[in-house]
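Which chain is which? The protein sequence lines are A and B, in order.
Under the working numbering, the residues of the first sequence are numbered 1 to 114, in order.
Under the working numbering, the residues of the second sequence are numbered 1 to 314, in order.
Calculated from the structure, these hints are not laboratory results.
Incorrect hints may have been included.
Cut-off 25 Å, straight-line C-alpha distance, at most; resulting in silico cross-link-like pairs (DSS-like, lysine-lysine) [what the hints assert, rightly or not]: (1) A:70 with A:107; (2) B:100 with B:284; (3) A:102 with B:149; (4) B:27 with B:149; (5) A:63 with B:149; (6) A:70 with B:60; (7) B:149 with B:136; (8) B:18 with A:41; (9) A:63 with B:60; (10) B:87 with B:27; (11) B:136 with B:87; (12) B:231 with B:247; (13) A:70 with B:149.
A few chain A residues that don't get close to chain B, going by computed Cβ distances all over 12 Å [stated by the list, open to error]: (14) 2; (15) 23; (16) 24; (17) 41; (18) 57; (19) 70; (20) 78; (21) 109.
Backbone N, C-alpha and C fix where the C-beta goes; we use that ideal spot for every residue, glycine too.
Letter by letter, the chains look like this.
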Amino acid sequence: MIWEVFRQENAGDYHEHCGNVHAPDREMALMFAEVQHARRKPTNSLWVAPQPEIGEVDTEDAKFGGTTDKSYRWASTYDFEAAASEVADSTNEQVEAERRRKAQQDKQEAQGGD
Amino acid sequence: MDIEEVKRRAGPREFSPKDDMPEEYRKAATRMIQFHANSEIMGAYLERPFIREAPSLDRKLACSAKVQDEIGHGQLLYRAAESLGMKSRDQMLDELAEGKGKFLNCFHYPMSDWVETPMIAFFVDGAAMRRQATLKRTSWEPYAHAMDKVCFEEGFHVKHGEAILHELMTGSKAEQEATQEAFEEWWPRIIQFFGPTNDKSTHHGFASEVGLKQMGNDELRNAFLNAYIPKAEKYGLEIPDEPRIRKNDDGTYEVVEEDLDWDEFFTIAKNDYEGSIQQIDGRKAAQDAVEWVREVMDEHEQRAMGASKQQAAD
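Construct the entire structure; sequences and hints are all you get.
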């Protein structure tokens with residue numbers, strides 16, 4: 001069976017997908033993951049999950065963020081100086097996320113046009 | 001792990017479900033996160049009628065997105081609370097319906113007019129966000145992870161609230177006066193959002209010793225007042241004379257505690273206020289009305305699980 005591997009670099013971080021291993025059971029999957037994915041990269045924790053157990057939806061099936069104008073959902077739409085630093089932080093995170101989402105959409109559209 | 005070790009190690013995102021945490025920590029964290037989750041849900045219910053009341057399509061869409069976000073935050077937080085192994089999400093939702101679940105003081109007051117919406121969406125959400133930003137460094141990792149997403153989304157709520165306030169305060173004279181009136185009614189409640197001063201708060205000591213709470217009530221209240229009083233004044237709101245708020249030379253504020261109605265605050269804390277019962281029952285009615293959806297989902301889960309078990313046995 002193929003097991004997907006998720007590595008957490010430091011305590012408190014998120015576990016991020018980093019690859020997979022082929023192993024007959026969970027115990028060996030963890031052992032292989034340790035050797036293949038955590039030998040050199042800094043690691044605090046590893047998760048393994050059987051590949052067939054993982055569900056996926058991607059840009060072929062879904063329009064992430066919808067197809068209509070949802071600018072009302074973004075802090076940057078409301079043009080006021082942030083009342084406090086945490087409001088500014090949140091706005092900046094949203095601006096960055098939206099910029100990347102748009103860039104990705106443009107890229108997909110360009111590819112679709114070939 | 002014993003309490004002494006917990007206190008020694010207590011740092012940002014230090015503990016996770018695989019750590020063997022003492023019951024005292026798990027109880028305190030459950031109480032805190034459940035309170036937070038309940039507040040998200042009750043806040044959403046308070047604002048829900050204003051999706052219909054909103055004066056324009058833009059506002060309607062934004063209010064609807066906001067209510068959706070807040071319900072999502074509640075769910076996220078119940079999961080974080082569940083990870084402490086003390087209570088299940090269902091149990092916590094039932095406690096809320098039975099009037100046993102506690103939640104923020106501001107969400108116990110009925111809201112009847114559109115001019116009140118920025119009191120919640122700008123001031124209360126601003127106060128909540130101040131607190132939530134500090135909780136990104138809480139010691140319970142799943143709670144901190146929930147805060148990452150909550151804080152990401154919350155900026156929109158506060159700014160949308162500010163947009164409504166700006167619109168009302170640059171509107172007709174009647175709108176400005178009604179907004180000022182609403183502000184005067186809500187202002188003492190907003191000040192009480194941060195609870196009594198540190199030495200009077202029952203749970204503060206332990207929660208900060210074990211790193212669950214990152215900042216005391218007084219510091220949070222100060223930071224909030226420093227940021228939001230100038231904003232209120234900028235939009236032409238007059239800060240009421242009571243509660244008396246003294247600005248110290250070092251930029252901090254002192255609120256004269258006896259100017260606030262603490263009897264009402266503690267009645268609310270016990271869910272005994274008239275509004276408490278109204279809000280709790282209103283949400284329970286909504287929960288009961290969609291009971292059938294949960295039942296159908298549960299049945300489907302049972303069938304799906306049964307089928308996959310059979311498959312695995314083949």
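If any of the earlier hints don't hold here, list their numbers in rising order. 19, 20
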